[in-house]
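With these hints in hand, go ahead and build the complete structure from the sequences.
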Amino acid sequence: MQPPSFKQSVEDIVRQIPRGRLMTYGQIAALAGNPGAARIVGGIAHFGDPQLPWHRVVNKKGGLARGYPGGYSAHKRDLEYDGLTVTDLRLPIDDLIWWPEDV
DNA sequence: CCGTTGACCCTTC
DNA sequence: AGAAGGGCCAACG
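Heads up: the first sequence begins at -1 in our numbering, then just goes up one per residue.
Bear in mind the hints are in silico, worked out from the structure with no lab data behind them. Take these hints with a grain of salt, some might be off.
Beta-carbon label-pair distances, calculated as ranges [unchecked claim]:
#	residue 1	residue 2	range
1	D93	Y70	19 to 25 Å
2	H44	G18	30 to 36 Å
3	G24	E78	20 to 26 Å
4	G68	R13	29 to 35 Å
5	N32	S71	27 to 33 Å
6	P90	P67	22 to 28 Å
7	G69	P90	20 to 26 Å
8	L87	S3	30 to 36 Å
9	R75	G24	35 to 41 Å
10	R37	P16	32 to 38 Å
11	D93	R64	19 to 25 Å
12	D93	S3	15 to 21 Å
13	D100	S71	26 to 32 Å
Values in this document were obtained by computation on a predicted structure and should not be read as measured data. All residues carry an ideal CB built from backbone N, CA and C; glycine is no exception.
If you want it as structure tokens, here you go:
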């Protein structure tokens, strides 16, 4: 059987991000088998499955997503709904970053 | 098949 | 500390 497409892998990973935890685009890309394809993850975020918790995906700086529908406010609100605290459009990713292995 | 695109990342000024 | 540029690679038309 053929390996799942990159897009498929990314969506599968995002789906597993637990509430209150975060992952970076580059991190997801690497787990999906393509380190460096962080931009692709962003593209999937925009055109991929809207049901997935994309609000738990942030960039390496811990900053909110640029093209998030509704803007930073919407993204921030969704994160706070997960119990997180957003300060100045940024997050303490060092403490919130999550890896599937942490399960 | 080829060119363009992008919710990024890294190095450098 | 912030701004600018180049690189990266799959998806899409």
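*Structure versus earlier hints, numbers of those that do not hold, lowest first*: Numbers 2, 4, 9, 10, 12, in rising order.
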